[in-house]
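Could you build all of it, start to finish, from the sequences and the hints given here?
Protein chains: 4
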Amino acid sequence: MSATEPIRVTVWNENVHERRDESVAKLYPSGIHGAIAEGIQEHLGDRVEIRVATLEQPEHGLTEEILAQTDVLTWWGHAAHGEVSDEIVDRVQRHVLGGMGLLVLHSAHYSKIFQRLMGTTCRLGWRGGDDRELVWNVAPGHPLTEGVPSPINIPAQEMYGEFFDIPQPDELVFISSFTGGEVFRSGCTFRRGRGRIFYFSPGDQEYPVYHHADVRRVLANGVAWAAPAQREHTEPQIGRWETGWFDNQV
Amino acid sequence: MSATEPIRVTVWNENVHERRDESVAKLYPSGIHGAIAEGIQEHLGDRVEIRVATLEQPEHGLTEEILAQTDVLTWWGHAAHGEVSDEIVDRVQRHVLGGMGLLVLHSAHYSKIFQRLMGTTCRLGWRGGDDRELVWNVAPGHPLTEGVPSPINIPAQEMYGEFFDIPQPDELVFISSFTGGEVFRSGCTFRRGRGRIFYFSPGDQEYPVYHHADVRRVLANGVAWAAPAQREHTEPQIGRWETGWFDNQV
Amino acid sequence: MSATEPIRVTVWNENVHERRDESVAKLYPSGIHGAIAEGIQEHLGDRVEIRVATLEQPEHGLTEEILAQTDVLTWWGHAAHGEVSDEIVDRVQRHVLGGMGLLVLHSAHYSKIFQRLMGTTCRLGWRGGDDRELVWNVAPGHPLTEGVPSPINIPAQEMYGEFFDIPQPDELVFISSFTGGEVFRSGCTFRRGRGRIFYFSPGDQEYPVYHHADVRRVLANGVAWAAPAQREHTEPQIGRWETGWFDNQV
Amino acid sequence: MSATEPIRVTVWNENVHERRDESVAKLYPSGIHGAIAEGIQEHLGDRVEIRVATLEQPEHGLTEEILAQTDVLTWWGHAAHGEVSDEIVDRVQRHVLGGMGLLVLHSAHYSKIFQRLMGTTCRLGWRGGDDRELVWNVAPGHPLTEGVPSPINIPAQEMYGEFFDIPQPDELVFISSFTGGEVFRSGCTFRRGRGRIFYFSPGDQEYPVYHHADVRRVLANGVAWAAPAQREHTEPQIGRWETGWFDNQV
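Chains V, A, L and R, in that order, give the protein sequences. At position 2 of the first sequence (counting the first as 1) the number is 2 in this note's numbering, and the numbers step up by one without a gap. Offset between the second sequence (1-based) and this note's numbering: plus 1000. Offset between the third sequence (1-based) and this note's numbering: plus 2000. Offset between the fourth sequence (1-based) and this note's numbering: plus 3000.
Rather than coming from a laboratory, the hints here were simulated on the basis of the structure. Among the hints, a few may not be true.
Sample of chain L residues facing chain A (criterion: CB under 7 Å; computed from the structure) [claimed, not checked]:
no.	residue
1	2134
2	2180
3	2183
C-beta atoms are modelled at their ideal positions from N, C-alpha and C, and glycine is treated no differently.
So, in structure tokens, the structure goes:
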């Protein structure tokens, strides 16, 4: 994309806990999607145009048209993974392979779209307790880590622990430890087709993690990093080639 | 596995071309599965116990019981990918994540099970012409490459060309070139869950590639490499952990 | 770096063939460094500030001060690798680990600095003959591949063939084939310390490859990709830490 | 190697602390090398033939002849990295690239040979305090992890923390956490040339870590994993090839 065109971000959220659980509504009065959008906006300003989409909308707010106009999609889900329709999962996968960036956040490790793109169960160990999470940078100089200390110190957070059943990431960027001694590969990148995927685990409905300044900075870094060079999504093709076909390409 | 226990191999084939196309039946009188099984057997001898399974059998010959007793599964398909039931694909995926080795051969790049495990389209460019394939070793010392020259010279073969839409392999072992100038990542390894996957492209129903001595050696290398240390398949689990849970594990 | 600050590029060349071999002087009247600098400039314009440095200059033109002001260094050498002083190699390595980008071009595969950063011999097979090189994109969507066709078609070029003794690259971006059937991992990325390294093989003193439009575009892509986020080079440190030291970091 | 030939292991130790520091001599009465050799022997038995070599011997005990007869070399050093001669480092590197396996243990992260093979500083953060180390398996099914629990629980150990300045490993196998909250990539594999390298950090002269049953099992796993298929070390070569040279290879 030209440096002058804004990155078009769609922040997707299942939006279930916020409407059901008072504790979550209090932490995230504008929804988890609201907090994520604010965090991205405060760092990237005019460089982004943000829309939100949620599960209860027609086609979950992810029509073909909206995805075609999305450079980076962020995904948060937890209680309602099973309610996401397979047709929409197919569609999102197709756009990621065609070049759309994807941020997979926290409990979205267990979303259909992440399982689909990884090919594994994406299972892990967890505990909703009184853990402090420390997020260590193991790839200094990587654009995802700009502007944040190592470790990022999150005073209270759900614990996610290994073994995390994902393919070995293309780049391992962050590793977290928890008070209980567990560790987790909390920042991982994957290329799939033409698309870039960033999994980032800090963030939970019961803790104010999406108000944490460093976490918000990483979300913004993720959007900037995952944005494709080309706005049009072009899925990889299969084709029969004549000998010497490339001699005639422009 | 103990060094004295044989590796239990299941050679799976859709077994369609052999029964439909005279040219294929002539090249592979005992079926493509027969040629693959012979190639493995001639190199590994007593170290393997081989059974075959085909599409037309009940449950495609891949019952829960058979998979539970399979250390390494090899997969060949081309004309009938769509006829493989999703239930069996689920089952095979589960066993791979639990530790079963998987060899994905030639046109099985487009099988449901490979697409499932990769998370991508697995598309490529191709040509059934008069190409010579040269298979270059880019990982000398890797057990998959033992006993074969670099390049392996395959006089006549279908062309497979990049872009091959797969995740970046954990290890890239072979790269092929074709007379027409195309290149292909023809030997790739992937770890998924506890299982090891080896994709190896040489081999086609219209060319006698599975009678090629070097190709057969690589198939045997693949079986030895993909065999798990543990015979029992144990899929990764999700679980809630108390603080300090590991202090009590044996 | 702020999007408004230009990338400061130092184009380094041993500058030996151009002054010794008439054929090379004719192909590259402003030196190989001149052609490389022009190629970068024509694509990046105001986004770069380019200086050149050559072997025969004091400290090979790579003083501490110049390196401290270099965001991306490009390196071309062939006939005089042994004349590069170990002290300068130490210095360049230090700056790369601190964040300076490095483009290693063609025969610089055998330079001291590349061998130092790889830890391997960086040996390969080669032939100065009449080969056509086709450069295939195996990472579509990667910023290094923007704006060039796949394959890039180089009508006449020296052949470089596998096995190329390098560590497995972090990302394999281009694979080349040659008329003779050889293949080569011609575009490879490596992160070392905070620095990004791009090895790109097309380019030779006896062929006009650095006048090829697509090759020049890849050089420019490489500069943009390798530029660090931070202008100051900060080498990784060793240190003794008190328990809880991070609770006091700002 | 034939399954019936034993793996020839050379356990190298600088052997300085044991002769200088009473506390270390008490923990390791047969030397750190003695404890490492015992750990390997108790698990692999007849499958290995172990010799030891130390810094004070002529050529540090690593003559050309001994290295030529070594399938896997293990390296422990801490106080005397600078006393290892560059000539021996060159020689060890050459044998690793030719196929010899290498286990780099604990403080050998800062040895000349590891820095040489990595191309980076190999720096890290550390603390000799009262930390418990938990070593988590992030690659279940990998042969390096057979027979040990996750986490391995080491009651008292020196802390090693990120950022650890190494290239991204080919496979990340273990991640450790420490009581103080730090994390460390404690089990990493690298292929360099034909050789396999395993870095494993647990183990310190002031703690009885090499008497820990699980640590000893991992050392033995490492030896079995790093052993090359071919006994002869064959360093990658550079060479000029005629067109069609491979048509004549046997």
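Checked hints:
For residue 2134/L, the shortest C-beta to C-beta distance to chain A is roughly 5 Å, which falls under 7 Å, so the interface hint holds. The restraint placing residue 2180/L at the interface with chain A is violated, with a minimum CB-CB distance near 9 Å, outside the 7 Å limit. Hint status for residue 2183/L: holds, given a least beta-carbon distance of 5 Å to chain A, under 7 Å.
Hint 2 from the earlier list is the only one contradicted by this structure; the remaining hints agree with it.
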